[in-house]
Amino acid sequence: MSISVWDPITGQANATAPTEAQVTTHPLAGLVRMLTLPMLIVCLTGFGIAVFSETWMFHGIAAATVGFVFILLGSKLTGEEDNRRTRIMNAAHAGGHLGGTPLPKPKIAQLAGRIKSLLVLRAGASIPLVLEHEIWGTTRGDIPFWMGLSLAQSQAFFGGPKANVRAGPDTTHGEMAMFVVAYQLNRDTGIHAEIMPEFTTAKGPFDLDVKTESAQFNDRFNIRLREEDGQAVGKGVGSVALLRVLTPATQVTLLELSDTYSARVIVDRDVVFFGGYRNFQTTDHAALQRLLSQAVEDFATAATSFKTYAE
Amino acid sequence: MLTTLIILIIIAIPVIWALSQNALVAGRERVNEGWSGITIQLKRRHALIPNLVQAAQTAMTHENSIFDKLLAARTEAVRLVSSGSRDEITEAEAHLTAALNDFVGYAEDTPEITANGNIQLLQTQLEETEDQIAAARRLYNGNVTAYNMRLDQIPYSYVAARGGFERAALFEVDEAEFRRISQDLSVSDLGLGAGT
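These protein sequences, in sequence, are chains A and B. Heads up: the first sequence begins at 1 in my numbering, then just goes up one per residue. Heads up: the second sequence begins at 1 in my numbering, then just goes up one per residue.
No wet-lab data here; the hints were simulated from the structure. The reader is advised that the hints may include incorrect statements.
Stated by the list, open to error - Across the chosen pairs, the derived CB separations fall in these ranges: (1) K116/A with M1/B: 49 to 57 Å; (2) A169/B with L44/A: 36 to 44 Å; (3) T75/B with A241/A: 29 to 37 Å; (4) I13/B with Q110/A: 31 to 39 Å; (5) N148/B with R122/A: 50 to 58 Å; (6) P50/B with G141/A: 25 to 33 Å; (7) N148/B with L31/A: 30 to 38 Å; (8) D259/A with E29/B: 20 to 28 Å.
We put the beta carbon where it would ideally sit given N, CA and C, even for glycine.
So here's chain B without its partners, still in its complex pose (with noise of 0.2 Å):
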C-alpha cells in the first residue's frame, strides 16, 4: 500500500509541474498577446498624428514649435514602441499625449485650425483610436491580473520560482487624460458645428 502510494506521488509530481509550467506558459503568452493588442492601437494613433498636423498646418500661415514638439513626441513613441520596454513606451506615450495636449489648447485659440473640416474626420478617428487603447488596456490588464494571481498560487508559485518567471507590469496611464484630448478636440469645442 505505501510503495503504491509513494509510486503515485513520484508518477504525480512532474505531471503536476508540467501541467503547472504549460499554464503558466499559456498566462505569459497572453499578456504578450495582450500587450500586442494595445500596441496595434498606439501605432494607429501615431499614425494619425502626422495627418492631424498637415491638416493644422494647411490652414495656418505661419509655423509654430507646437507643431514641432508634437511630431519629435510622435518620432519618440514610433521608435520606442517597436523596440523599447513598456515602461518605456508607456513615458513615451505620456510625452506624447501631453504635447497632443498642447497642440489641442493652441488649437482653441487659432480659428484657422478649426475651420479646417478635415480635423474633425481626424478627431471621430482619434476619438475611436483611444476608446480601443482604453479596452485593449483593459483586456491587457486583466490578462496581467489573472497571470500575475497564478504565480502567487500553488503549486504555480514553486514553478514559477524555479523556471524565471517574472511578474507581469499592469500598462498604467492616465486614462482621464486621453479622454480630456478626446473631449477638448470635439467638434462643438472647435467651432466646428453645422454650418462652419
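Chain A with its partners taken away, still in its complex shape (with noise of 0.2 Å):
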C-alpha cells in the first residue's frame, strides 16, 4: 500500500513499505574478496615493473593487466554488486520505515543543486557521499525525515577508530554507510546556512567564516551564511540569526556528531540536512539496520535542538 510522505525535494512522495531481498552467495565470492587486495598489490607491482624495467616489461604489463582486469570483474562475475545493491535495499528496513527504492537520476541532479557541498569532496570531509536509495518515515519524536543512502564494503581498518562501530561478531570487513538525512521542522529557522568541516589551512587572517562562542566548534566547523538563491552573504550579515539558532546545546550535539559521522550540515530555513558516513563494522543486515535507525535518531536530536529554539 503506497502512503504519501513528505520529502524535501519534491515536497511530497508515495512511499511503500520495502521488500526484504535475500542475498545470494556466490562460491567464489569470498576467495575473490580475499583475493582483491593481493592483486591490487600485483597490479600495482606489475605496473611498476612495466614502468622502470626494460627486461620485465612485458611481464609487468601481463601482471598489471591480470590484476586490474581481476579487480574490475571480479565483483561482477561474482555478483557482488547486485548483493551490495541489495543489502543497501534490506539495510532501507531501518525502524520500519518505508521506501529503500533506488533514487531517480533526475532526483540525485536535483540534490545535487541544492546540496551540492554536503556531497563533494572538500577539506577536512575526506569522503564523497553518494547517494543511491532513498527512505522515508518520521522519527521517534514524529519528525518527518528522508535519507538518502549507500553502501560501500569496507575493511575493518578503513576510516580509523572513531568511525568505526562494531554490531556483532569480529569480521575483517563491514560497510560503510554514506548517508544524507533531511528533517522537516515546524518552523521556520529563518536561516540558510552550511555547516562545514572547517578547512585545514583556515589559520589566523585565513580564518574568515562566522564565529561561534566556542573556540572548539570554530575550529570543527566552518560557517556560511547564504542568500536564497546561494549566494554567500556578506561578512557580518545575518551573523546574528545564525548564532541565535546556534545554541550552546546545538553546537555541543553537531561537536559530538561531527566526532561520530564526519558530520556536516545545510540549514534550509525549515528544512535541515545532514551528511555524514560511519563505517559499520558488520555485515549482518538486521545490525545494519539496528544502526542505520540510530544514526536517525541521532542527528534528529541536532535537528531538534535547531527547532526548540526557532519556537
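Please dock the two separately framed chains into a single complex, following the hints provided.
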C-alpha cells in the first residue's frame, strides 16, 4: 500500500514498505574478496615493473593487466555488485521505515543542485557522499525525515577507530554507510547556512567564516550564511540570526555528531540536511538496520535543537 | 652570513612576539565570550523562577518560607551575575540550586502544587535551560582549557608572563545536582501525567 510522505525535494512522495530480498552467496565470492588486496598489489607492482624495467617490461604489463581485470570484473562475475544493492535495500528496513527504492537520476541531479556542498569531496570531509537509495519515515519524536543512502563494502581498519563501530562478531570487513538525512522542522529558522568541516588552512587571517563562542566548534566547523539563491552573504550579515539558532546545546550536539559521523549540515529555513558517513563493522543486515535507525535518531536530536530555539 | 642571520633573528623576535600576543588576546576573548554564553542561560533560569513561585503560590492557600528562601537566593544570583566575580556567581548559583531543590522536595509533598498545570510548562522550560547551561559550560570550559594550555606553551608562556595574561578558571558546578532537580520536577513525579 502506497502512503504519502514528506520529501525535501519534491515536497510529497508516495512510498511503500520495502520488501526484503535474499542476498545470494556465490561460491567464489569469498575467494574474490580475499584476493582483492593481493591482486591490487600485483597490479601496482606490475605497473611499476613495466615502467621502470626494460627487461621485465612485458611481464610487468601482463601482471598489471591480470590484476586490473580481476579487480574490475571479480565483483561483477560473482554477483557482488548485485548483492551490494540488495544489502542497501535490506538496510532500508531500518526502523520499519518506508521506501528503500533506488534514487531516480533526475532526483539525484536535483539533490546535487540543492545540497552540492554536502556531497562533494572537500578539505576536512575526506569522502564524497554517493547516494543510491532513499528512505522516508518519521523519527521517534514524530519528525518527518528523508534519507539518501549508499553502502560500500569496507575493510575493518578503514576510517580509523572513531569512524568504526562494532555491531556483532569480529569481521575483517564491514559496510561503509554514506548518507544524507533531511528533517522537516515545524518552524522557519529564517536562515540559509552551511556548517561544514573546517579547512585545515583556515588559520589566523585566513579564517574568515562566522564564529561562535566556542573555540572547539570554530576549529571543527566552517560556517557560511547563504542568500536564497545560494550566494554567500557578506561578513557579519545575518550572523546574529545564525548564532541565535546555534545555541550551546546545538553546538555540543554537532560536535558529537562530527566525532561519530564526520557530520556536515545545511540549514535551509525549515529543512535541515545532515550528511555523514560511518564504517559499520558488520555484515549482518539486521545489525545494520539498527545502526542506521540510530543514526537517524542521533541526527534528529540535532535537528530538534534547531527547532526548539526557533520555537 | 652571520650578519644576515642576526638581522633575521632581530626581525623574527618582535614578529613572533606580536603573533603570540594576538593569539593570547584572541584566546582570552574566547574565554570571555564563552562566559557570556553561560550568563545568558543563567539569566534565563533566573527569569523562570518568579513564574515558578507564582504558579505554586496561586495553587497554595497559605504562604511558605521555602518560596521566600528561593526568591532570596534568586535575587542574590541576579545581583551577582551582572556584577560579581566568577567565584561569587558560581557560589550564588549553587545556593539557588539548593533552594530550588528544597522547593522541589516541598512540591512533591504538596498536591495543590502538583495539580497546577502551569508547572508542567515551567518544568519543560527549566529542563531546557539547564541543558543549555550544561552545554554552555562545556563550551566555556573547552575555551578555558585551550587558553590555559596555550599559556603553558613556548613561546606564549614568555609573552603571557610579561603581558599580564592570567590563567582562566573552569566553571565547575555540580551538574548532577542540576540534573537531579530537573528529574525531580518531572511530570510523572509531580503527578502531572495524563488526566491530571
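Taking the numbered hints from earlier one at a time, note which ones the structure violates and give those numbers from smallest to largest. The structure conflicts with hints 2, 4, 5 and 7, although it agrees with all the remaining ones.
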